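Using the hints, position chain B against chain A.
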Amino acid sequence: MSSKDLESQIKKIESLKALAFPALSKLARINGVGTTWDERAGGYALQVNLLDDVTKSLPTSFEGVPIVYRLIGQITPRAR
Amino acid sequence: MKLQTAIALRDELINEFALRPTFANSPSMGPGFRARRSTPPPSIALGIAPADAKDDDYIIAIRDQQQDSEAQELIGMLVSRCRGEVDLRKMSILQLRNVNVGQVRPLEIGFSVSNANVPSGTIGLFVNRPNCKERYLLSNYHVLVDEYFSSTVITQPGSDEKTGGHDDVATLADFVPISVGGVNFVDAAIARIDKSVSNQRNILASGVPIQGVSNVQAGHIRVSKNGRTTGLTHGLTRGFGLNNLSVAWGSGVAFFNDVFEVYSPRSDFSAGGDSGSLIYNEYNEGVGLLFSGGIELSTGHDITYAIPLTSVLNALNVYF
Numbered sequence: 269m270s271s272k273d274l275e276s277q278i279k280k281i282e283s284l285k286a287l288a289f290p291a292l293s294k295l296a297r298i299n300g301v302g303t304t305w306d307e308r309a310g311g312y313a314l315q316v317n318l319l320d321d322v323t324k325s326l327p328t329s330f331e332g333v334p335i336v337y338r339l340i341g342q343i344t345p346r347a348r
Numbered sequence: 071m072k073l074q075t076a077i078a079l080r081d082e083l084i085n086e087f088a089l090r091p092t093f094a095n096s097p098s099m100g101p102g103f104r105a106r107r108s109t110p111p112p113s114i115a116l117g118i119a120p121a122d123a124k125d126d127d128y129i130i131a132i133r134d135q136q137q138d139s140e141a142q143e144l145i146g147m148l149v150s151r152c153r154g155e156v157d158l159r160k161m162s163i164l165q166l167r168n169v170n171v172g173q174v175r176p177l178e179i180g181f182s183v184s185n186a187n188v189p190s191g192t193i194g195l196f197v198n199r200p201n202c203k204e205r206y207l208l209s210n211y212h213v214l215v216d217e218y219f220s221s222t223v224i225t226q227p228g229s230d231e232k233t234g235g236h237d238d239v240a241t242l243a244d245f246v247p248i249s250v251g252g253v254n255f256v257d258a259a260i261a262r263i264d265k266s267v268s269n270q271r272n273i274l275a276s277g278v279p280i281q282g283v284s285n286v287q288a289g290h291i292r293v294s295k296n297g298r299t300t301g302l303t304h305g306l307t308r309g310f311g312l313n314n315l316s317v318a319w320g321s322g323v324a325f326f327n328d329v330f331e332v333y334s335p336r337s338d339f340s341a342g343g344d345s346g347s348l349i350y351n352e353y354n355e356g357v358g359l360l361f362s363g364g365i366e367l368s369t370g371h372d373i374t375y376a377i378p379l380t381s382v383l384n385a386l387n388v389y390f
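Read top to bottom, the protein sequences are chains A and B.
All letters in the first sequence, in the order written, are residues 269 to 348 by our numbering.
All letters in the second sequence, in the order written, are residues 71 to 390 by our numbering.
It is possible that some hints are incorrect.
[Claimed, not checked] Here's a subset of chain A near chain B, in silico, CB distances under 10 Å, partners left out: (1) L274; (2) E275; (3) I278; (4) E282; (5) S293; (6) I298; (7) N299; (8) G300; (9) G302; (10) T304; (11) Y312; (12) N317; (13) L339; (14) G341; (15) T344.
[Unchecked claim] Far from chain A by the CB rule (all over 12 Å, computed), these chain B residues: (16) T75; (17) Q137; (18) G146; (19) S162; (20) V246; (21) S249; (22) F255; (23) R262; (24) S268; (25) S276; (26) S381; (27) A385.
Worth flagging that the hints you see were computed from the coordinates, not collected in a lab.
This one's a predicted model, so the numbers in the text were calculated from it and none came from an experiment.
Beta carbons are placed, not taken as given, at the ideal position from N, Cα and C, and that holds for glycine.
Next up, chain A with everything else stripped away, as it sits in the complex (with noise of 0.2 Å):
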């Protein structure tokens, strides 16, 4: 895949990102949503982290993008 249609991915997945948050959250606990290597697509994908594991219940796409479901427990600031 050329760099140029790496980049239009990342555009379209730019652009999918504010839609997508609400649609998905409809459906499952989210704490983030943004782009990242899809090892399996060798391409770039929606990454949706989840405070849950539904993974099975949701989406494999979102408008023809793939999603990769990522599990994150609690985050919290790196101080000591």
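Chain B only, in chain A's frame:
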């Protein structure tokens, strides 16, 4: 057992035996990290260990860090639930390494610093402001700002390891307020370095000065940081442009937009006390300011979160 089975069993046991801390907020207290309290779980760690005999065969790793009758009883139940397929070892409570905690003059990036009333973090960079000869140190808001505004004194080393002599090095000068319950783009502040305190240029742990600024717009970028607690570590970027990231903040939650993730496949990229560390790429360009972290529950990996350095420099109108 197969790896996936072992992971599922470990997670099931952690839930069943309540082997992770539960957090509770105290709404009667004001903002600030002191308002958080947690209920400690038994000091028994669970994980996965490869079995000796054959490949693709795993057992449950049990690490007893409590070693009393309560732990013995609980471990008995865990071993029974695992049908004896365990790797059981007794261990002491682990200590963080606390690498860069000493007093250092001239001041250096990567070393302990904090507001006198706030837990320690790390000096990220030395910066300047336009039309101003004074020099400033840059770190996180939650490292340099006392949320009760009772002190503007900045000490090196930070409050957790004061030496008792000539630790005051700077005065809080500017910050971007954190909106608890609202959306934030940076967690950053600067402090004016006292004229009597010298500071090194922005020399990275590799011995090379920082070579400029770059943005993280891809995964798998090799990055490094040098911080108060874990010292020099290396990792890879993963998610970027992350929005709506909720970070536990005192008695509430602060949301952050446009942050990126770093992880290390071998060990933790950061730990408590590394807040404020500069994250830089393999070309020695600054890419981010470390500010928070969590654990990926499916792998047990530390995931570190950082704010793009360009956003921090722009928000505070500083340069280096």
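Query raised in the report: Does the structure break any of the earlier hints, and which numbers would those be?
Result: none
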